[in-house]
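Between the sequences and the hints, there should be enough to build the whole structure, so can you do that?
There are 2 protein chains.
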Amino acid sequence: MARAQLVAVALAAAALLAAAASSEAAAAASFTCAHILSDMSACFAYARGDGPIGQCCYGVRSLDAAARRFACGCLKSAAASVTGLNLATAAKIPARCAVNIPPISASVDCSRVS
Amino acid sequence: MARAQLVAVALAAAALLAAAASSEAAAAASFTCAHILSDMSACFAYARGDGPIGQCCYGVRSLDAAARRFACGCLKSAAASVTGLNLATAAKIPARCAVNIPPISASVDCSRVS
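Protein chains in written order, with numbering that gives the first Met the number 0: chain W, 0 to 113; chain P, 0 to 113.
What the hints contain is simulated information worked out from the structure, not anything from laboratory work.
Where is the CB? At the ideal position from N, CA and C, for every residue including glycine.
One-sided excerpt, in silico: chain P residues whose CB lies under 8 Å from chain W: (1) S29; (2) I35; (3) L36; (4) C42; (5) C56; (6) A66; (7) A70; (8) N85; (9) T88; (10) A89; (11) V98; (12) I100.
Computed beta-carbon distance windows for the label pairs: (13) P:D108 x W:R111: 33 to 43 Å; (14) P:A79 x W:D63: 20 to 30 Å; (15) W:S110 x P:K91: 29 to 39 Å; (16) P:A87 x W:A87: 47 to 57 Å; (17) P:V98 x W:T88: 27 to 37 Å; (18) P:R60 x W:A90: 16 to 26 Å; (19) W:L86 x P:D63: 16 to 26 Å; (20) W:R95 x P:N85: 36 to 46 Å; (21) P:A79 x W:T82: 42 to 52 Å; (22) W:V98 x P:A94: 20 to 30 Å; (23) W:A87 x P:T82: 48 to 58 Å; (24) W:L86 x P:T82: 50 to 60 Å; (25) P:R60 x W:S113: 18 to 28 Å.
Printed below as a string of structure tokens:
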């Protein structure tokens, strides 16, 4: 990576971290063990013989969706704070990396991310 | 679900939340926007035309692994606090729910979760 690119990346990272610090007050501030264990509690009940697998699986999927909505909110706040984003390029990132991540967009409705 | 099962699930959930509150001091307390944006900063750089896709994809995968290690730590602490877990039953949860979640085990090495 060229030196100019490294500087740009470093500056972008600094801007993102600053944006994160300010955006966290607006959205959920963090994703905690309590979030995880609340959704996973039915799995512990299942593993103790006290509950059905269906509730456990439902909890796991709820947890996954909640984590994705949280990440979506972080990325949305950051996208609104960083100038010069090419949204078409950003939209191709999941396909190019072969990953299923929430969109990087200032206009996404994170409540619809699942 | 029978009433006894509901009570058991509620008690397990309460125990888990209490365990989470105490275990968070030992592990990373939470997963924040700053974690997410730190790993995703190269993707913002890429979407601004300032960086390669490779660094972005590497960051996304690092984020995924970090999130799984965080969840692993939460589940490990909880598993150590909840009595009566059938570890063989717990080990089958990912397959039964067709999901890729960290193991529910008090002895797992979360640093090796990827």
